[in-house]
Amino acid sequence: MLTEKPPQHAAAPGTVVPERATLEVRGLAAGYGGPLVLRSVSLQILERQVTAIIGPSGCGKSTLIRCLNRMHEVLPGATLEGEILLDGRDVMGLDPVLLRRQVGMVFQRPNPFPSMSIFDNVAAGLVLNGVRDRALVAEKVEGSLRAAALWDEVKDKLKAPGVGLSGGQQQRLCIARALAVEPRALLLDEPCSALDPIATGRIEELLLEIKKTLTLCIVTHNMQQAARVSERTAFMLMGELVEVGPTDTIFTKPSDKKTEDYITGRFG
Amino acid sequence: MAVTAVLTWQLAVNSALTWKQFGWSFLWSSTWDPVREVYGALPFIYGTAVSSGLALLLAVPIGVGCAIFLVELAPKRVAEICAFIIELLAAVPSVILGLMGIFVLVPVVRAVEPGLTAGLGWLPLFQGEPYGVGMLTAGLILSLMVLPYITVISREVLLAVPRSLKEAMLALGATRWETVMKVSLPYARPGIAGAVFLALGRALGETMAVTMVIGNTPQIKASLLAPGYSMASVIANELAEASSDEHLHSLIAIGLVLLGISLVVNAAARAMIGLLERRA
Chain A
1 MLTEKPPQHA AAPGTVVPER ATLEVRGLAA GYGGPLVLRS VSLQILERQV
51 TAIIGPSGCG KSTLIRCLNR MHEVLPGATL EGEILLDGRD VMGLDPVLLR
101 RQVGMVFQRP NPFPSMSIFD NVAAGLVLNG VRDRALVAEK VEGSLRAAAL
151 WDEVKDKLKA PGVGLSGGQQ QRLCIARALA VEPRALLLDE PCSALDPIAT
201 GRIEELLLEI KKTLTLCIVT HNMQQAARVS ERTAFMLMGE LVEVGPTDTI
251 FTKPSDKKTE DYITGRFG
Chain B
1 MAVTAVLTWQ LAVNSALTWK QFGWSFLWSS TWDPVREVYG ALPFIYGTAV
51 SSGLALLLAV PIGVGCAIFL VELAPKRVAE ICAFIIELLA AVPSVILGLM
101 GIFVLVPVVR AVEPGLTAGL GWLPLFQGEP YGVGMLTAGL ILSLMVLPYI
151 TVISREVLLA VPRSLKEAML ALGATRWETV MKVSLPYARP GIAGAVFLAL
201 GRALGETMAV TMVIGNTPQI KASLLAPGYS MASVIANELA EASSDEHLHS
251 LIAIGLVLLG ISLVVNAAAR AMIGLLERRA
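If you read the sequences in order, they're chains A and B. Read the first sequence against the working numbering and you will find it ends at 268, with the numbers running on by one and no gaps. Read the second sequence against the working numbering and you will find it ends at 280, with the numbers running on by one and no gaps.
If we strip away everything but chain A, and leave its shape as in the complex, we get:
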């Protein structure tokens, strides 16, 4: 890849791997020119874990994860203050183009490129990276589609347009597309909100599979989803991070009254 890989932890069986943060946010404030959408948010997203961000609509969840790979700044009027670290390095000092190859993103609505086939959709990021070797591209496309649990469904129609797939398949295609460039972390912005429960279930299974090799951060409306897929959960309200901790704790013994009210359905 383009930047040096962080040291890999050789996790011998039985030893406890020290938890390290792939991404870390310190004192983040962000907005779109008007009132701030995020205020003093600090959060660690730990390596090879799923961190879920929950909270009511408009609480700033999406803005938060868009800050992590600097997709926030492509929107007009975007402002950002505070520190965001990828493996300890300030992302504001990185080229956003290189950062986004390290920290991929899957969006709320499936958005395969309409002018491209299934194969070309997955290969798009590789082509951007300058991979010209066709055999290597084909190999990585297959690997990514397998990782996204889509290979068996599409292996006979790789030349068909990506937009011809069902919604759930399109979203898995988008995940495969993001995986193809071998990112360090993958950000998912309510990836299942446009999908039916069966398609949602398949995506969740797939997340549990891919977190073995990379760090995941998922924004979700759906608290059951957070409980099912994540190790850690962060609860946000009105632009602030109220509480973050192990998912079990957040859902059973939250320390903040506001978290308890939200997860017991008293508001939101």
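Don't read these hints as lab results, they were simulated from the structure. Don't be surprised by glycine CBs; every beta carbon is placed ideally from N, CA and C. Hints may be right or wrong, so weigh each one.
A partial selection of chain B residues facing chain A, derived with a Cβ cut-off under 8 Å [unchecked claim]: (1) Leu170; (2) Ala171; (3) Glu178; (4) Val183.
Incomplete in silico selection of chain B near chain A, CB under 10 Å [claimed, not checked]: (5) Arg163; (6) Ala168; (7) Met169; (8) Leu172; (9) Ala174; (10) Arg176; (11) Lys182.
Add chain B to chain A, keeping to what the hints say.
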């Protein structure tokens, strides 16, 4: 539809003499001599095709480039002001542009042409005397006339590219330029093609500005510097003084050919834009 049909019928009836006398060879015979009553439309078809083609060759890259700049790079306020000014350009009467052509463009072209001949004279395109008036000047003025169409329509279709697609490409680690090339332009391609065909339709039928700068000489020369003639120009220039029926019928026959070409081009433009709408 009915109007077009009546028009076509009228043009056909009133050009019957020409078709009877010359048949299809009217279209590819290159002699136009009202004194000897010999008529061939080829110099005019050639002049219209070359001046319009040249106009598109210049205006399409510039127009699409402007549209990309306005949509992707320019700050919103600047983009809106620029778009407004470009739309105003479309409202300039063609005779005014023609005047500008005579007073500004022709002297400039006349000054530049010797340089072109010196540098690129080995190409047949740039040989001959630097008259100032000619195909090159006509092409330049036409490109100026169609530029607003191309820019405005391309801007509209580029604005219609869904944000989610552009973000998907950016999130993969694409630069803004790569996003334009790989997402925006492919998505907008049918719309831009429609804009090009509309511009072509406009360029083919343009009469006044072209008449003022093309040189009005019915000849076919490979050189862009040489004067030429266009279909619309010859009708405008000679209709009032056509003394014989044959002359009149031949001019109307040219009109019929021009109408046919324009209809085909416009139908193609419609088809392209329809294609975009169905996909959107």
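Okay, the hints, checked on the actual structure:
no.: 1; hint: Leu170; in the structure: holds (6 Å)
no.: 2; hint: Ala171; in the structure: holds (4 Å)
no.: 3; hint: Glu178; in the structure: holds (6 Å)
no.: 4; hint: Val183; in the structure: holds (6 Å)
no.: 5; hint: Arg163; in the structure: holds (9 Å)
no.: 6; hint: Ala168; in the structure: holds (5 Å)
no.: 7; hint: Met169; in the structure: holds (7 Å)
no.: 8; hint: Leu172; in the structure: holds (4 Å)
no.: 9; hint: Ala174; in the structure: holds (5 Å)
no.: 10; hint: Arg176; in the structure: holds (9 Å)
no.: 11; hint: Lys182; in the structure: holds (7 Å)
When held up to the earlier numbered hints, the structure conflicts with none and fits them all.
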